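Undergrad: If you're matching them up, the sequences are chains C and H in order.
Everything in the first sequence is counted per the working numbering, starting at 1 for the first residue and increasing by one.
Everything in the second sequence is counted per the working numbering, starting at 1001 for the first residue and increasing by one.
FYI, nobody ran anything at the bench for these hints, they're computed from the structure.
It cannot be assumed that every hint is accurate.
Cβ-to-Cβ under 8 Å is the rule here; a few derived chain C residues that face chain H [claimed, not checked]:
1. Leu22
2. Tyr25
3. Ala39
4. Tyr55
5. Ala93
6. Arg99
7. Leu121
Below, a sample of chain C positions facing chain H; criterion: calculated Cβ distance under 8 Å [unchecked claim]:
8. His54
9. Leu62
10. Ser63
11. Ala87
12. Asp89
13. Leu111
14. Val128
The structure presented is a predicted model; accordingly, all values stated were derived computationally and were not measured.
The beta-carbon is built from N, C-alpha and C at its ideal position, and this holds for glycine as well.
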Amino acid sequence: MCLAGASGAGAELLAAMPTADLRAYYVWVPMLPSDDRNAVLAAAHRLSAPGAAHYWDSGRDLSRRMATTLGIDTRCSAAQGDESPFAWDVYLAYRRGNRDIAHPDFWMHQLAVEHAPRLELRGWRTQVEQLVSEFR
Amino acid sequence: MRLLDGDLQPLVDDFTTASDHVRILLLTSPT
């Protein structure tokens, strides 16, 4: 669901709101042995769009940082062999003026987390549309 | 595509520079 989730929550949203005041940041993290630079380049090419930027977090540095701030523990997030928690399959939204990447205004996930909603594309789109429609 | 390679600052700078926009951040794996 990883690439599919990113496509639905990112590329499809951008395509559905072409004139919206919206930017998308894809941060790709390795979870499987096949998640290498070439896989990231392919994903970035596939989800290329105006307003989109792609980053390769090969060391899972942002993932670990976000796990802490989002309250994601090892039980919910760790892959086999990993000891520290990291956030992945998480989808974060920020209203205008929010300059703190560690504290989104809204987020969804595809983990075993119970304190935030699971990704559901209609709900995600509604939330983002609300942020876009807020007074500038 | 930008390689962060342990340094999150390029991402943080891009994110902060665009703070007059609504932004979404998708943190996931590429396959």
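Undergrad: Taking the hints in turn, state whether each one holds.
TA: Against the structure, the hints come out as follows:
1. Leu22: The hint holds - Leu22 of chain C has a Cβ within 8 Å of chain H, the shortest such distance being about 5 Å.
2. Tyr25: holds, 5 Å
3. Ala39: Result: holds, 4 Å to nearest chain H Cβ.
4. Tyr55: holds, 5 Å
5. Ala93: Hint on Ala93 of chain C: holds, closest Cβ of chain H at ~5 Å, below 8 Å.
6. Arg99: Holds, about 5 Å.
7. Leu121: Cβ of Leu121 of chain C sits 12 Å from chain H, so the hint is violated.
8. His54: OK, holds: His54 of chain C within 8 Å of chain H, min 4 Å.
9. Leu62: Holds: closest Cβ of chain H sits about 6 Å from Leu62 of chain C, inside 8 Å.
10. Ser63: Holds: closest Cβ of chain H sits about 6 Å from Ser63 of chain C, inside 8 Å.
11. Ala87: OK, holds: Ala87 of chain C within 8 Å of chain H, min 6 Å.
12. Asp89: holds, 5 Å
13. Leu111: violated, 11 Å
14. Val128: Nearest chain H Cβ about 6 Å off; hint holds.
Consistency with the previously given hints fails for numbers 7, 13, ordered from lowest to highest.
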